[in-house]
Amino acid sequence: MILWTVSLMTMVLWLALPLAASDTCAECHAALEGELQAPAVVFVNDVHRRVGFGCADCHGGDATAKDPEVSMSRARAFLGKIARSSVPRLCARCHSDASLMHRFKPQQRVDQLAQYQTSVHGRRLAAGDEAVANCVDCHSVHDIREVKDALATVHPLRLTETCARCHADPEHMKKYKIPTTQFADYRESVHWEALSRRRDLSAPSCASCHGNHGAAPPEVASVAAICGTCHALLEDLYNRSPHQPVFSSLGMAGCVTCHGNHAVYKPSARMLAGSDSVCSQCHDQQSGGGKAASEMGALISRLQKEIDRAAEIVERARRSGMEVSESLLRLQEGRQSIVKARVAVHNSRVDAVAEPVNEGLLIAAETYQAGEKALKERDIRRVGLSISLLAIFATVVGLWMAIRSIEGQSAGGSS
Amino acid sequence: MFSSEHDAAARRGWLDERLGLAAIREFIAHKTVPVHSGTVWYYFGGITLFLFVIQVITGILLLLYYRPTPGEAYESVQFIMTQVQFGWLVRSIHSWAANLMILFALIHMFSVVFLHAYRRPREVTWLSGIVLLALAFAFGFSGYLLPWNTVSYFATKVGADMAASIPGIGSYVARFLKGGVDVGGATLTRFFGFHVAVLPGLTTLLLLLHLALVQRLGISSPPRVVEESLRKGQKIAQMPFFPNFFLRELMAWYVTLALLGILAALFPWELGEKADPFLPAPAGIRPEWYFLAPFYTLKLLPGHIWFFEGELVGFVGFGLLALWWAALPFWATNRRGLLRSQLVSGVGIALLAYLATFSFLGYWR
Numbered sequence: 000m001i002l003w004t005v006s007l008m009t010m011v012l013w014l015a016l017p018l019a020a021s022d023t024c025a026e027c028h029a030a031l032e033g034e035l036q037a038p039a040v041v042f043v044n045d046v047h048r049r050v051g052f053g054c055a056d057c058h059g060g061d062a063t064a065k066d067p068e069v070s071m072s073r074a075r076a077f078l079g080k081i082a083r084s085s086v087p088r089l090c091a092r093c094h095s096d097a098s099l100m101h102r103f104k105p106q107q108r109v110d111q112l113a114q115y116q117t118s119v120h121g122r123r124l125a126a127g128d129e130a131v132a133n134c135v136d137c138h139s140v141h142d143i144r145e146v147k148d149a150l151a152t153v154h155p156l157r158l159t160e161t162c163a164r165c166h167a168d169p170e171h172m173k174k175y176k177i178p179t180t181q182f183a184d185y186r187e188s189v190h191w192e193a194l195s196r197r198r199d200l201s202a203p204s205c206a207s208c209h210g211n212h213g214a215a216p217p218e219v220a221s222v223a224a225i226c227g228t229c230h231a232l233l234e235d236l237y238n239r240s241p242h243q244p245v246f247s248s249l250g251m252a253g254c255v256t257c258h259g260n261h262a263v264y265k266p267s268a269r270m271l272a273g274s275d276s277v278c279s280q281c282h283d284q285q286s287g288g289g290k291a292a293s294e295m296g297a298l299i300s301r302l303q304k305e306i307d308r309a310a311e312i313v314e315r316a317r318r319s320g321m322e323v324s325e326s327l328l329r330l331q332e333g334r335q336s337i338v339k340a341r342v343a344v345h346n347s348r349v350d351a352v353a354e355p356v357n358e359g360l361l362i363a364a365e366t367y368q369a370g371e372k373a374l375k376e377r378d379i380r381r382v383g384l385s386i387s388l389l390a391i392f393a394t395v396v397g398l399w400m401a402i403r404s405i406e407g408q409s410a411g412g413s414s
Numbered sequence: 000m001f002s003s004e005h006d007a008a009a010r011r012g013w014l015d016e017r018l019g020l021a022a023i024r025e026f027i028a029h030k031t032v033p034v035h036s037g038t039v040w041y042y043f044g045g046i047t048l049f050l051f052v053i054q055v056i057t058g059i060l061l062l063l064y065y066r067p068t069p070g071e072a073y074e075s076v077q078f079i080m081t082q083v084q085f086g087w088l089v090r091s092i093h094s095w096a097a098n099l100m101i102l103f104a105l106i107h108m109f110s111v112v113f114l115h116a117y118r119r120p121r122e123v124t125w126l127s128g129i130v131l132l133a134l135a136f137a138f139g140f141s142g143y144l145l146p147w148n149t150v151s152y153f154a155t156k157v158g159a160d161m162a163a164s165i166p167g168i169g170s171y172v173a174r175f176l177k178g179g180v181d182v183g184g185a186t187l188t189r190f191f192g193f194h195v196a197v198l199p200g201l202t203t204l205l206l207l208l209h210l211a212l213v214q215r216l217g218i219s220s221p222p223r224v225v226e227e228s229l230r231k232g233q234k235i236a237q238m239p240f241f242p243n244f245f246l247r248e249l250m251a252w253y254v255t256l257a258l259l260g261i262l263a264a265l266f267p268w269e270l271g272e273k274a275d276p277f278l279p280a281p282a283g284i285r286p287e288w289y290f291l292a293p294f295y296t297l298k299l300l301p302g303h304i305w306f307f308e309g310e311l312v313g314f315v316g317f318g319l320l321a322l323w324w325a326a327l328p329f330w331a332t333n334r335r336g337l338l339r340s341q342l343v344s345g346v347g348i349a350l351l352a353y354l355a356t357f358s359f360l361g362y363w364r
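Protein chains in written order, with numbering that gives the first Met the number 0: chain A, 0 to 414; chain B, 0 to 364.
Check the hints yourself; a few may be wrong.
As the list claims (entries may be wrong) - Label-pair restraints from in silico Cβ distances:
| id | chain 1 | residue 1 | chain 2 | residue 2 | range |
| --- | --- | --- | --- | --- | --- |
| 1 | B | Val254 | A | Arg198 | 26 to 32 Å |
| 2 | A | Ser84 | B | Gly302 | 48 to 54 Å |
| 3 | A | Val43 | B | Leu354 | 46 to 52 Å |
| 4 | A | Arg318 | B | Phe277 | 25 to 31 Å |
| 5 | A | Lys375 | B | Ser3 | 48 to 54 Å |
| 6 | A | Gln408 | B | Val39 | 22 to 28 Å |
| 7 | A | Lys265 | B | Val254 | 50 to 56 Å |
| 8 | B | Phe277 | A | Cys93 | 35 to 41 Å |
| 9 | B | Phe277 | A | Ser300 | 34 to 40 Å |
| 10 | B | Ile284 | A | Lys372 | 30 to 36 Å |
| 11 | A | Lys173 | B | Gly302 | 49 to 55 Å |
| 12 | A | Gln408 | B | Gln214 | 53 to 59 Å |
| 13 | A | Tyr264 | B | Gly184 | 44 to 50 Å |
| 14 | A | Lys372 | B | Trp324 | 36 to 42 Å |
It is worth saying that the hints were derived from the structure and are not from the lab.
Glycine residues also receive a C-beta, built at the ideal position from the N, C-alpha and C atoms.
Given these sequences and hints, build the entire structure.
Printed below as a string of structure tokens:
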């Protein structure tokens with residue numbers, strides 16, 4: 000019986016050995032050190048490995064041959080380290096093959112190489128500049144993960160850092176003569192806040208405006224169109240506003256002129272009114288445009304103040320335990336009126352801003368009254384409680400006196 | 000004057016003949032309560048009863064407006080709290096009294112343990128009390144979902160999912176509780192049914208049995224008081240139940256009422272946000288305070304203990320512990336019938352320490 004078991008196990012091992020030894024690249028490199036070992040270690044997590052690709056699919060050679068002289072020989076089409084200029088075409092061998100990609104990712108685009116060739120990176124690489132980014136600089140080399148993987152270098156939450164590795168490096172960017180403050184500016188923007196704090200993965204990062212594989216700075220004329228991808232209503236209002244033809248003729252880049260590009264701050268009434276407002280850069284404060292801007296700013300400021308005032312009293316009532324969920328809901332509508340008013344600014348007309356502001360002011364007044372009513376109700380409850388407690392206290396004292404009297408009588412009787 | 004006294008006596012006689020009031024009067028006149036240093040603990044059973052009565056009254060008032068459907072439950076409670084005259088007070092008192100009732104029931108149970116009042120011949124009284132406590136927990140679990148707010152919805156979901164880990168019958172219990180594969184409208188209607196019909200009916204029956212047994216067997220004196228009286232050759236001091244003890248109990252009820260009023264007026268029970276089953280569960284979802292200790296214990300258990308799932312081991316453990324606790328009067332005495340009072344007190348203290356510590360940890364972590 001023992002002999003039979005040992006024979007069976009030996010047979011199974013003998014059959015399994017060739018299977019286990021099918022990737023000699025990973026086996027040998029895992030046993031090496033430093034740079035030569037690293038690819039074998041990180042490739043374990045690579046998306047390509049998970050779907051069945053191995054080292055030889057990119058580097059050539061024979062992963063089944065045990066002898067390194069054979070496995071890494073020219074006869075077995077071994078390529079060795081891939082030249083930077085060859086990387087995009089190497090990746091495109093599969094990624095531009097629609098029928099092959101369909102087997103793994105039916106929805107994935109197959110025009111990455113074509114797009115890359117239109118990008119600044121691709122054009123410079125074609126011109127012989129190997130310092131520009133190619134596929135592996137953004138996607139990593141042997142640890143490539145799907146975009147949705149939180150550890151991927153191109154995951155929305157990590158993409159800006161990936162771009163910043165080159166674009167925030169003054170040494171690297173020196174010869175291209177482009178600024179390196181984009182990353183720091185973006186980190187102060189409302190877009191980064193939405194992405195990082197609210198975890199809104201649809202919020203824009205570098206690739207949303209510049210493109211990913213076809214990355215290029217937007218043309219001045221197309222800035223509004225790019226912002227309009229998300230802010231469609233605002234783009235429409237801007238295109239119909241008196242600013243559009245003026246900005247266009249002066250070569251000013253639509254949205255960016257007032258809101259900036261990378262450091263896009265949360266809009267406020269201060270952008271409209273005051274000596275350091277955005278509008279004052281072009282409009283004299285006493286001019287028609289300057290006055291209109293100040294008026295719009297004042298309207299929005301007033302609405303913001305009234306909504307804050309109502310929110311404060313409603314919150315006070317809520318903290319006192321009063322049921323004010325309806326008022327809280329109405330306040331949300333009030334805050335939407337502020338957003339609507341800010342949007343209406345793009346009409347460049349005071350009456351267009353006044354309409355949502357008046358709506359919001361009505362809501363603010365209504366919720367403020369509801370807050371006041373709730374606080375009054377709270378005070379009435381407290382008075383009622385005090386009276387009830389006094390009555391209960393008097394009853395308890397009465398009961399205690401009754402007990403004393405009964406027990407006094409029975410003690411007297413028994414003595 | 001004489002004729003009115005004569006009339007009153009005649010009316011009493013008429014009622015006595017039909018209701019047997021004379022026997023009740025006789026019983027009450029001779030009913031006494033032992034007086035010793037632990038007499039104060041005798042009031043807690045009565046306070047629990049008082050809170051149950053408040054629950055019934057406020058529950059009936061809430062029933063006038065509450066609607067047990069996912070589309071209307073939250074709005075109907077909101078209506079009660081904002082539009083119905085004193086609706087906020089009734090709902091707050093109902094919620095606070097529910098929690099106080101469980102707190103006082105627990106105090107009552109531990110006072111019975113430490114005064115060793117469970118001992119022969121009061122085993123059935125103890126068992127009926129344990130079942131009443133379990134029913135109070137069931138009231139709490141079923142009532143928690145009824146406002147259909149975010150916290151209650153997800154806490155019920157967690158609780159019902161935990162029930163699925165009960166060995167053997169878990170999936171059936173979970174399905175029975177939920178009325179489907181997930182917490183939804185069917186869960187709400189059946190929880191409402193349990194809360195307002197099944198549980199009150201069962202509780203009333205058991206409560207009557209519990210009270211009848213207390214009346215029949217009288218109020219127990221602690222063993223140390225009995226021993227001391229035997230040693231001194233004196234009878235244990237007694238207080239007439241009526242009016243002496245009754246009036247004191249009434250005082251305790253008024254103080255409880257004042258406490259309820261303060262809690263309801265200064266800290267009205269929050270309604271929270273309406274449940275949205277399509278949203279992810281908010282962070283920090285935890286059950287009511289009286290389920291925190293087992294909840295936290297189950298959270299601490301590793302995924303697997305030996306060959307078994309951690310949660311399964313937890314449930315089996317809690318089940319056995321509950322059975323062992325319910326059987327207290329039967330293991331509290333040795334084969335010679337002598338009370339193992341120190342063992343019982345030690346177990347009682349250990350259980351109290353466990354419940355307090357794990358409830359605290361479950362709340363803060």
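Hint check:
1. For the pair valine 254 (chain B) and arginine 198 (chain A), the supplied restraint of 26 to 32 Å is violated, since their beta-carbon distance comes to about 50 Å.
2. Between serine 84 (chain A) and glycine 302 (chain B) the beta carbons are some 51 Å apart, a value that agrees with the proposed interval 48 to 54 Å.
3. Checked against the hint of 46 to 52 Å, the pair valine 43 (chain A) and leucine 354 (chain B) passes, with Cβ atoms roughly 47 Å apart.
4. Checked against the hint of 25 to 31 Å, the pair arginine 318 (chain A) and phenylalanine 277 (chain B) passes, with Cβ atoms roughly 29 Å apart.
5. Our hint of 48 to 54 Å for lysine 375 (chain A) and serine 3 (chain B) holds, since their Cβ atoms are close to 53 Å apart.
6. For the pair glutamine 408 (chain A) and valine 39 (chain B), the supplied restraint of 22 to 28 Å holds, since their beta-carbon distance comes to about 24 Å.
7. In this structure the supplied range 50 to 56 Å holds for lysine 265 (chain A) paired with valine 254 (chain B), their Cβ-Cβ distance being about 54 Å.
8. One distance hint, 35 to 41 Å for the beta-carbon pair phenylalanine 277 (chain B) and cysteine 93 (chain A), holds here, with the actual separation near 39 Å.
9. In this structure the hint that phenylalanine 277 (chain B) and serine 300 (chain A) lie 34 to 40 Å apart at CB holds, the actual value being about 38 Å.
10. Between isoleucine 284 (chain B) and lysine 372 (chain A) the C-beta distance comes to about 33 Å, which sits within the given range of 30 to 36 Å.
11. Separation of lysine 173 (chain A) from glycine 302 (chain B) is about 54 Å and conforms to the stated range, judged on CB atoms against 49 to 55 Å.
12. For the pair glutamine 408 (chain A) and glutamine 214 (chain B), the supplied restraint of 53 to 59 Å is violated, since their beta-carbon distance comes to about 27 Å.
13. Range check, tyrosine 264 (chain A) to glycine 184 (chain B): Cβ separation about 46 Å, and the 44 to 50 Å hint holds.
14. Distance hint check for lysine 372 (chain A) and tryptophan 324 (chain B): the Cβ-Cβ separation is about 50 Å, which falls outside the suggested range of 36 to 42 Å.
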